[in-house]
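Going down the list, the protein sequences come from chains A and B.
For reference, each letter of the first sequence is one residue, going 195 to 696 in our numbering.
For reference, each letter of the second sequence is one residue, going 196 to 660 in our numbering.
Keep in mind that a hint or two might mislead.
With a straight-line Cα cutoff of 35 Å, these simulated DSBU-like cross-link-like pairs (lysine-lysine) come out [said to hold, decoys possible]:
1) K604(B) / K270(A)
2) K594(B) / K509(A)
3) K642(B) / K530(A)
4) K642(B) / K632(A)
5) K554(B) / K437(A)
Since the hints were made in silico from the structure, they are not lab data.
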Amino acid sequence: MDNLDKLIQEHLIRKAQQKTRRHFIKNCAQGIGGLALGSIFSGCDPLTNQKGKTGTPFTERDLNPLAVLSPPFNPKIKSVIYLHMAGAPSQLEMFDHKPVLHKLHGQDCPQSLLEGKKFAFIKGTPKLMGPQAEFTREGEAGNWISNYLPHFKKVIDDVAFLKAVHTDQFNHGPAQLFMHTGSARLGRPSIGAWATYGLGSENQNLPGFVVLTSGGKTPDAGKSVWGSGFLPSVYQGVQCRSKGDPVLYIEDPEGISRNLKKSTIDAINKINKEEYLKYADPEILARINQYEMAYRMQIAVPEVMNIASEPENIKQMYGVEPGKESFANNCLLARKLVEDGVRFVQLFDWGWDSHGTEHSTAIDLGLRNKCLEIDRPITALILDLKQRGLLDETLIVWGGEFGRTPMQENRGNKKMGYKGRDHHGDAFTMWMAGGGIKGGASHGQTDDIGFSGIEGRVSVHDVHATILHLLGFDHEQFTFEFQGRPFRLTDVEGEVIHEILA
Amino acid sequence: MEVLKQLIGRLHPVIVHLPIGFILAGLLLQWVDRNKKDFVKITALLFMWAAIAGLVACVTGYLQYLGEGYSFKNIKTHLWLGIVTTIVVFALYLRLSENLKFPLLKKLPETFLSLLLLLLISYTGHLGGSITHGDDYLIAPLPNNIKSALGFETYEVKPIELSPESWEEAQFYDDIIAPILNNNCVSCHNKKRAKGELVLNSEEAILKGGENGDVLIPNNVEESAIYSRLILPDHDEDHMPPKDKKQPDKEEIALIKTWILNDAPFDKSIGEMGLQKSLFTSFFPKKANEDYPDVEVVEASLDSINTIKKQGIHVQRISTSSNFLSVSCINRSDFSDKDFIKLSPIRQQIVDLDLGRTKISDAVFEQIALLPNLTVLKIDYTSITGQEMHKLHALEHLKVLNLTGSNFKKVYLEQLYGFKGLKSVFLAYTGLDAADNRENNDKTTLKIEFGNYELPFIESDSIIY
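Just chain A, with the same shape it has in the complex (with noise of 0.2 Å):
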């Protein structure tokens, strides 16, 4: 009983608020101000011919909240697949080649760059450690990359490397909310809710922003860093898993067969259409949509999601494990989902925290083991794209939250058993590969040990920035009204980073 009446209080409060005065004035004005247009503009609705009852012409996004809509300028790509190693991988392993750290392995830190800076664990005076990795110049570019991953070099001059990127956070969760909202607090969309909302997707059967994880751990910051924000929910991203059901409760229920199923949604859809007949209301119109496209879906998902139909040279140059949750099945799926028109993919992998605390986390053997876990799906991927003529229309971005320490980790002020380096926001290195990017550039360079950048800084919001503008957005105008005011995803900074773009 008590339950129920706690019901009908909140039916209450929610009509109430749903009668302010606020709402009446407002929606005077819109209603009659809509009345009016609706008879002058009777027969030259925009988009659909559909018409509520006050004649107001609807939007095509007010009845499918991901109609395509067309950027301001023109874009240089149509999806993004964004690659997170969530932990935060070493650039000083990978990318970022320091000779002159090999030569002072061993010795103290100095002082002075210690100096009012925070670390998540080194204590006291840590030793500089020198890179754990053989570097070589490689591609047309020569750019350096290490032998810890030796299938990279050959997409390497398909790659535009970011040297010298920095971010304010020291942390995993707040640091890959900055990394994916642009604000180490909770509460903004993500890149991805941004990019489908400002853009919609083509394809009707499937999401507009998918995840996929791999397996494992899922990211510190939890879902937030796919999440919509204050953008309606419509535009959070999709976690599609590679094992099982790809989305969970997809499949119908024992006993119900697919026939049933339809008639069923027609059934509903029956009602909702005399609903709408009734009240005139687009959201009704949207939750039709809804329906059939969650319909269309319980087919078209799991279509997409099967990586068993693909050729086996596919399979072997991915290095693909069916029937597992791992990154090398993710690889192939983003490009499967690319291809069928999703605008924007994410990819989870977990267990870059190199901090040197056991076998898994030590920086010359489990962070070898991670870099071959993700060098040769990778690769495939990018060639893939590439031979598909997809490359052009995709853009790849690979980075973690922020860097590792050029000083080895002293946990406790000890020493450790195994070689680690701490986080590290002042400089560590991302890639872009695809559309619009200049392949075998690189820009910024970090000083002499890899501690901080001294040339070509760029911001997380300068990522962000570089995206948005591929996309044919100007960061700038690209906003949404909330809490009285329009918020950007760059907040009031970022820059474009023109020096990676073709």
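We have chain A; now place chain B onto it with these hints.
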């Protein structure tokens, strides 16, 4: 009392229209009545009212001058002419009234007084307007060629362009600072107007400063008004340029700052000052939209777009600022040759066409050839063999042709070289490979992608560290 003075003074711009109205009404009536002379009395009455109203206008005008702190230099002509106008209108009243007692006035022809009055009222009114609205109020909206024909100085906005090759040779002042000042400041700060007694179009004038002293102090951006006023908030009274005028770009403001912080030289090049390229990249020539044809097309009608959309065919503008359209059949896998006719209303606008995974056949090329601006064509995973491909040779803008996974036949490979502007062709998964391609010895820019990439197993693949 001070308040009252100011308040009455502020009524001047309103009151002043009374004598103007009376005078114009009087002059008009006088002209209409020039032969019959039926309304002389009324005309005289109008001029009397005008004289009284003119007196009030003079008094309020003087109070406004006192109360609002105008400098006498700026308003003196208006003030004196206002008084003269009032006297002349009074004289005209006397001249027209019956019991004229001044024989001297009688000698003056009526027409002379009327014409004089018309001139006076027009010019005095114009001066008054210039004081309140600024003296370029009427000139500013005119196009530059008319302005210069009228003998006014024009400050044509000249875009600043640096070349990506020789940017270091550009003179910082002559090629960057001077144009920025010209484009944003000089229309008010020139020798003729010199607002705030400041002129900004030459080295000497900039160093001389304005009524508040120096505007440029090298290496001190806070004290250099030429910079510090630019970055004040818009609503600040001292913000420059005034908020309703064109504002400099943030890159331009940054360059003024850089210039001041680097000793504000008037004769050094960028290279000599050793500055970073990134400061200047936004002034490099923008690459024209090279992705799509450089032709103007009209906007496709919404009706035809909507009709096509209703068929489940996806149509969208490339961007909201472009009339070019991108069309995709991603949601219409049953699209076939006979459906193509539906696209004909937008054939001029289509630049990007995706017919991948549809049921089209080689016969479709005849119709695709009718899309004059087509730039990207995707016909991947279709039963296309390439037989009729040559029909597309007329498409001069076609750059990308995606035939991945189609039935493309080796015999038609040669046809691909018949395209003028074709840049890349994708032939992966067609069964062809690079060995099928002809020796590429002529200077073609065409890149054919045969795919078939492999990542052979290497030893480290199986190592677990």
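Check your understanding: Are there hints from earlier that the structure breaks, and if so, what are their numbers?
Key -> Of the numbered hints, all hold.
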